[in-house]
Amino acid sequence: VNKSLLVKYFRTQISQDPDVASAAAAIRSLLEFLKRDQSETLLGLRENLTEAIRRLGEADSSVAVSSGGELFLRFITLTSLEHLDFSQSKNLLVERGELFLNKISLSRNKVAKLCHTFIKDGAKILTHSSSRVVLKVLENAAADKKRFSVYVTESQPDSAGKLMAEKLRRLNIPVTVILDAAVGYIMEKVNLVIVGAEGVVESGGIINKIGTYQLAVCSKAHNKPFYVVAESFKFVRLFPLNQQDVPAQFKYKADILKTAEDLDKEHPMIDYTPPSLITLLFTDLGVLTPSAVSDELIKIYL
Amino acid sequence: MVFLILYSTLAMIDVHSFKRTMPVTDKEVALSERIEAFLAELKRGGSGAGTLRGSGETARETTALLRRITGQAQWSSAGDLMEIIRKEGRRMMATQPSETTVGNMVRRVLKIIREEYARLRGSSEVTDQQESLHQLLTSGGLSEENFGQHFKDLRANVIEAINELLTELEATTDHIAMQALEHIHSNEVIMTIGRSRTVEAFLKDAALKRKFHVIVAECAPFCQGHEMATSLSEAGIETTVIADAAIFAVMSRVNKVIIGTQTVLANGGLRAVNGTHTLALAARHHSTPLIVCAPMFKLSPQFHNEEDTFHKFVSPHEVLPFTEGEILSKVNVYCPVFDYVPPELITLFISNIGGNAPSYTYRLMSELYHPEDHEL
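Residue numbers (the UniProt record's numbering), protein chains in the order written: chain A, 1 to 302; chain B, 1 to 376.
So that you can see chain A by itself, here it is in the shape it has in the complex (with noise of 0.2 Å):
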């Protein structure tokens, strides 16, 4: 089966539903590769899938693809041995697959639901770049009839913050967009810090847009607490101990991988924030802990 059209099918399926997460759009695009292979065993399945993830992997570096397509994966391997024949194990796998899709269709309304109890009338929230679960819970938010304002970062290089203030604008949540260097400045004012993730790591820290870590930091000097809304598909299995600990392939866009001589000489978009800086996690398996974090990864990957 073609692997530059299962890259096709990835990138529609992105642009039709510009508010999906980007690891559903990726398992979403794994389940047809599934259902089109033609192969006869099960290892032969497995290695073509793990090709795919990796042809995904070129596609899009973004941590969220990666644990996505691990998580399929792992989720094969767990499901396939209960039937001898193979073309039976198949359509069980396909209609597991559907049932998880659903499943994650639903996560972010549950993280929703948890997080929008912990803003306060007349709070304000500051929050970086721009995350879809973020805007969810915002939005609960404001369905709940709570008065709140918002200051979102700029976030540069892609000025994505932008592009968040317009979607709450559209809310009628009032928004102001900041510089990356006013976080210091502002964070005074501020009476809490939301932030979406794009990976989860098993210390209970987490992979986000570069400046989040410089938001932690600063949060816990104010002595504010910094709230981290992510959907469970993504947990990682990572432990990285510092920055330079995050693989290569995560920091930097696709196209930069491919071209770019020295990899020094670029700008990384993702940061690493330690677990000691997040007060909580709010995931659809509940509000976690840091610490509780690592339990849920040893619960899937025993």
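No wet-lab data here; the hints were simulated from the structure.
Ideal placement from N, C-alpha and C gives every residue a C-beta, glycine not left out.
Check the hints yourself; a few may be wrong.
Stated by the list, open to error - Each pair of labels, with its calculated beta carbon distance range:
no., chain 1, residue 1, chain 2, residue 2, range
1, B, Q74, A, K220, 53 to 59 Å
2, A, T41, B, A357, 47 to 53 Å
3, A, A143, B, S77, 34 to 40 Å
4, A, K265, B, E344, 36 to 42 Å
5, B, G71, A, D144, 38 to 44 Å
6, A, I256, B, A357, 40 to 46 Å
Stated by the list, open to error - In the DSSO-like style, the derived pairs of lysine-lysine whose C-alpha atoms are separated by at most 27 Å in a straight line are:
no., chain 1, residue 1, chain 2, residue 2
7, A, K113, B, K111
8, B, K111, A, K110
9, A, K299, B, K111
10, A, K136, A, K146
11, B, K330, B, K312
12, B, K312, A, K146
13, B, K256, B, K87
14, B, K312, A, K113
15, B, K111, B, K152
16, A, K120, A, K224
17, B, K152, B, K204
18, A, K120, A, K110
19, A, K110, B, K87
20, A, K120, A, K8
21, A, K113, A, K103
22, A, K90, A, K3
23, A, K167, A, K124
24, A, K110, A, K146
25, B, K27, B, K43
26, A, K220, A, K146
27, A, K220, A, K124
28, A, K90, A, K110
29, A, K113, A, K124
30, A, K162, A, K124
31, A, K224, B, K312
32, B, K87, A, K113
33, B, K256, B, K209
34, A, K35, A, K90
35, A, K120, B, K312
36, A, K145, B, K43
37, A, K124, B, K312
38, A, K189, A, K253
39, B, K111, A, K103
40, A, K145, A, K258
Given chain A, work out where chain B should sit, using these hints.
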């Protein structure tokens, strides 16, 4: 004629609905009377500033009442029983929201019911029903468990399990006090605040074998520290009472701070008597370990964001008596009962199952309660 028939049918309907809502048998009447009596006591008292009921007693009475409900109410499947218990639980919690042990016991009993049901049904573990990534991947649609099956032995099993819970509840203070010798050494200076029965038993148990000094902060405006000091000195412990304002000044001489709490929150923080946050900050400043003695029934799945139910305010005349009439019209006077202490300030939790770090609280919670019961 038609009118008469209509009237009689209406009367019959009325009687039927009346029969359905009013308890029919004597047992049911007695049960609902017990529940009403308990609710009235809850409303009146609560622990702390009110009547003498401590949270341990509240927990035991709640569990005994839930056992009665299990034994006497009409139910045919686990789902029905859980619904009845949830309903009664919600009523009890609404009467006195700050008394979290009531809700905690209800959630424990619900978990017991789930476990007994799962055991009778023969399914592998209750962990099947817990939310996890693993469960998301492998369940294949089984997650809609509705507890509808009827089992003959369920009633007896649940009552037996609740009896075990009651035995555990009775022994909690002793189990905590047994660990005292590991934490208190000779010639140490221990600081505590207010009055906690658990800490009292803890210190008295250590005093049997060691000699140490206790400083009690009086914890204004209720000044329960005075009673604590009297009780400790009767047991032969050298005690000093200080005013709350002197906590920071004295802290440099203190080796350990041991306190009780009203509730342990889900993130490892505390809801404790007012003044505890001050004590915790002073201890952190001097790098003095802060040990919290809290039995497991105080662990609650709440967070401190719930503004309406977190704080409890009592009559301000403790702070500023009504005799100061002239001033009263010009100032606002508040008398909060509780304080929030964040988990970073706490060193160790000592509970009836042993010592734990605050970051481990999430694990204890997942063992005691089912995630679906967090919101009753």
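Do the hints match the structure? See the list:
1. Q74/B with K220/A: 53 to 59 Å: At 55 Å between Cβs, range holds.
2. T41/A with A357/B: 47 to 53 Å: Given a distance of about 48 Å, which is inside 47 to 53 Å, the answer is holds.
3. A143/A with S77/B: 34 to 40 Å: At roughly 36 Å between Cβ atoms, S77/B and A143/A fall inside 34 to 40 Å, so the hint holds.
4. K265/A with E344/B: 36 to 42 Å: This hint holds: roughly 39 Å between Cβ atoms.
5. G71/B with D144/A: 38 to 44 Å: The hinted range 38 to 44 Å holds for G71/B and D144/A, with Cβ atoms some 41 Å apart.
6. I256/A with A357/B: 40 to 46 Å: The hint (40 to 46 Å, Cβ to Cβ) holds, given that I256/A and A357/B are roughly 42 Å apart.
7. K113/A with K111/B: holds, 23 Å
8. K111/B with K110/A: holds, 22 Å
9. K299/A with K111/B: Since the Cα atoms of K299/A and K111/B sit roughly 20 Å apart, the hinted pair holds (cutoff 27 Å).
10. K136/A with K146/A: Status holds; Cα separation ~14 Å.
11. K330/B with K312/B: With Cα atoms ~23 Å apart, K330/B and K312/B stay inside 27 Å; holds.
12. K312/B with K146/A: Holds - the C-alpha atoms of K146/A and K312/B are around 23 Å apart, at most 27 Å.
13. K256/B with K87/B: violated, 43 Å
14. K312/B with K113/A: holds, 26 Å
15. K111/B with K152/B: Roughly 19 Å separates the two Cα atoms, so the pair holds.
16. K120/A with K224/A: holds, 14 Å
17. K152/B with K204/B: At roughly 47 Å apart (the allowed maximum being 27 Å), K204/B and K152/B break the hint.
18. K120/A with K110/A: holds, 19 Å
19. K110/A with K87/B: holds, 24 Å
20. K120/A with K8/A: violated, 43 Å
21. K113/A with K103/A: holds, 15 Å
22. K90/A with K3/A: holds, 20 Å
23. K167/A with K124/A: holds, 17 Å
24. K110/A with K146/A: holds, 19 Å
25. K27/B with K43/B: holds, 24 Å
26. K220/A with K146/A: Satisfied, since the Cα-Cα distance of roughly 26 Å is no more than 27 Å.
27. K220/A with K124/A: holds, 16 Å
28. K90/A with K110/A: Not satisfied, since the Cα-Cα distance of roughly 30 Å exceeds 27 Å.
29. K113/A with K124/A: holds, 19 Å
30. K162/A with K124/A: holds, 18 Å
31. K224/A with K312/B: Given that 27 Å is the threshold and the Cα spacing comes to 24 Å, the pair holds.
32. K87/B with K113/A: holds, 23 Å
33. K256/B with K209/B: holds, 18 Å
34. K35/A with K90/A: Holds - the C-alpha atoms of K90/A and K35/A are around 8 Å apart, at most 27 Å.
35. K120/A with K312/B: holds, 18 Å
36. K145/A with K43/B: The hint is violated at about 31 Å.
37. K124/A with K312/B: holds, 25 Å
38. K189/A with K253/A: Distance of about 34 Å is beyond 27 Å: violated.
39. K111/B with K103/A: OK: K111/B and K103/A at ~25 Å, within 27 Å.
40. K145/A with K258/A: violated, 48 Å
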